[in-house]
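Enquirer: Given the coordinates of chain G, work out where chain B should sit on it, guided by the hints.
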Amino acid sequence: MVTVTDDRIVLVTMPKWGLSMQLGKITAWAVAEGDEVRVGDDLADIETEKITGTLEAADAGTVRRIVAGVGEDVPVSGTIALIAPPEVGDDALDAAVREARAVIEAGVPDDAGGAAELQTADVGGRKISYAGAGEDGDVILLVHGYGGDRNSWLFLQEPLAAKYRVYALDLPGHGTSVKDVGDGALGVLADAVTGVLDALGAGRAHLVGHSMGGAVVLAVAARDPGRIASLTLIAPSGFGAEINAGYLRGFADARTRRELKPVVGQLFADESLVTRQLVDDLLAYKRLDGVDEALQALLGTLLDGNAQRGDSAAALAAVLAAGGGAAPVTVVWGRADRIIPAAQAESVPGAVRHVIDGAGHMPQMERPAEVQAAIEETIARAG
Amino acid sequence: MARNITYREAVNEALAQEMERDETVIVMGEDNAGGAGSPGEDDAWGGVLGVTKGLYHKFPGRVLDTPISESAFIGAAIGAATAGMRPVAELMFVDFMGVCFDQIYNQAAKFRYMFGGKAVTPVVIRTMYGAGLRAAAQHSQCLYPLFTHIPGLKVVMPSTPYDAKGMMIQAIRDDDPVIFFEHKALYDLSGPVPEESYVVPFGEANVVREGGDVTIVTLGRMVHTSLEAAGQLAADGVQCEVIDLRTTSPLDEDTVLESVESTGRLVVVDEAHPRCNIATDISALAARKAFGSLRAPIEMVTAPHTPVPFSNALEDIYIPDAQRVVNAVKTVTGWSR
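Same order as they appear, the protein sequences are chains G and B. Here our numbering is used: the first residue of the first sequence is 319, the next is one more, and so on. Here our numbering is used: the first residue of the second sequence is 269, the next is one more, and so on.
No lab work stands behind these hints: they were computed from the structure. One or more of the hints may lead you astray.
Stated by the list, open to error - Straight-line alpha carbon distances no greater than 27 Å define the calculated DSSO-like cross-link-like pairs of lysine-lysine that follow:
(1) B:K326 <-> G:K445
(2) G:K579 <-> B:K321
(3) B:K326 <-> G:K497
So here's chain G without its partners, still in its complex pose (with noise of 0.2 Å):
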């Protein structure tokens, strides 16, 4: 950690994009040293072995020393930038700066700890994964949609963390879990929500559902209302008949690179964020020994026809029957959703809306910080 002298000066960190980053690579700066910024602006752009993404201010000010060059790895939290009012003299700067370089030089320190331990609960004979980070606080558990994984929220888990203990889980016939869904009803996957709550020995929890896993948290909510501390909903679905079934079916059928990215490119409102490893690294998903079976079982539990099939109004309507500590509900859209059209956040009864702007199907990478924030207000209103 680079201690500085001058309260003023802000430090611009490498961040921790999923539990498994260790290093961090800077692809090219968006900014000057002598540039002003606003909390929001385009720092850095990151490669990490994983993903590309772009580093947003956290602070706003004038930044005074760039310490680490295109190109460089730097460790997680390792200093890359410093921030700071104009009056903070050069001394004081260059002192941190020194410091800075001695941490990116030294690398990942060896204890490290390597990538967060995957976890294993067994249920019901069924072996599903999940990872966790923090250490107090309330448990909250990321329930990803429809061939995505814990990864789906690498950019939130970290940044939660801070304040609780946040589980992200692979569903069944995902990731690394068993590949096996049976018939693929929700009811086995909510079965492994349950579990990982159950393996965790959390009461209660807060959780977080996206997609198709916003059907299952559902469904975990209303068959024990009880236990659920608060409920946000990201692209719910099962709210109305409208879905891409072309997506879902594109999604399941495709064989190559060449099928999936075009299939892939309509999660997002800006389709540059489909990098070749992601593309690769679902191919890669789709190729093990059973994960194709459990992707057309799921399609039948998603789709009628052309149409989407399931009724999540009902079990939150079930939800929210259960009187007395109703858990909060906020519900979560991308406006430019070209997967499960937004408007259908009108038909989440009881709900809190954020509907969010820039964001497609995938909110949670596209806009975290405004979906970490519909998260901690949803957790604020539990009490």
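Expert: What follows is chain B alone, placed relative to chain G:
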């Protein structure tokens, strides 16, 4: 769950998982069990470089040591394949393939065709190739162009542990004869490999590095040489797209052509001798189908048209290195009419 294992371990794991899944899968070759019948030594070797080590005890009776007679046991493997087995035969060095060429190119490669599609030949022939092991002219060749030439064979050469496992599983499940090339110098290469079974389909090249200035098409060990060169060139502001063909038959023409159409410049890096090799094949493809996009003559980086030297110093010069790739890229970027 992916963890890092070596290329050697990846091939071994693919064999073990497929033998577990399908009892018609058998492994055979010279010392694959390692002298079965010699007390205390019956699992000592696992093939000359230890790839099949440990399989004998897991699958007794399904790992067969063969006599030093390639013409006999490759023929036996092909025959077993037509009779319903899925044999994986190890032919130690591809240099020895000559003695069983009739079995491979005139029989295995032709059965499906000659029997009107009624016969399948799901045999895998694993073999080592490439220079760098100080093994001289008769144990170091890159003979994949010979097999690529023959319709009816699939010719594959993984460059990473991930590809080695997925392509071996695909090779075993494939109903056609597959010649599976393993570069000796890659066996100790480590990389992430899922524990689960998975396949890497044949005929899909892998773009291992993206770039807009020059396309480098390569395969096998030369993928790593090309990536090293691309890294050096990036420091000079030249962005190379590096394409690992992964299989030469079937060949992913589209990925090569799309890249050449976007960069307009092509360097092909191939460890084989320069006449009638993969570099000439890819060059002809680009010259014929992407002619209008080319902004410079195509460059080829290959070994010379000589046997692999026994002298260490000469062998080191013989194998294409990153500097030669850098030079070739600079030639195509610097070219003007």
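Enquirer: Could you tell me which of the hints above the structure violates, numbers in ascending order?
Expert: 2
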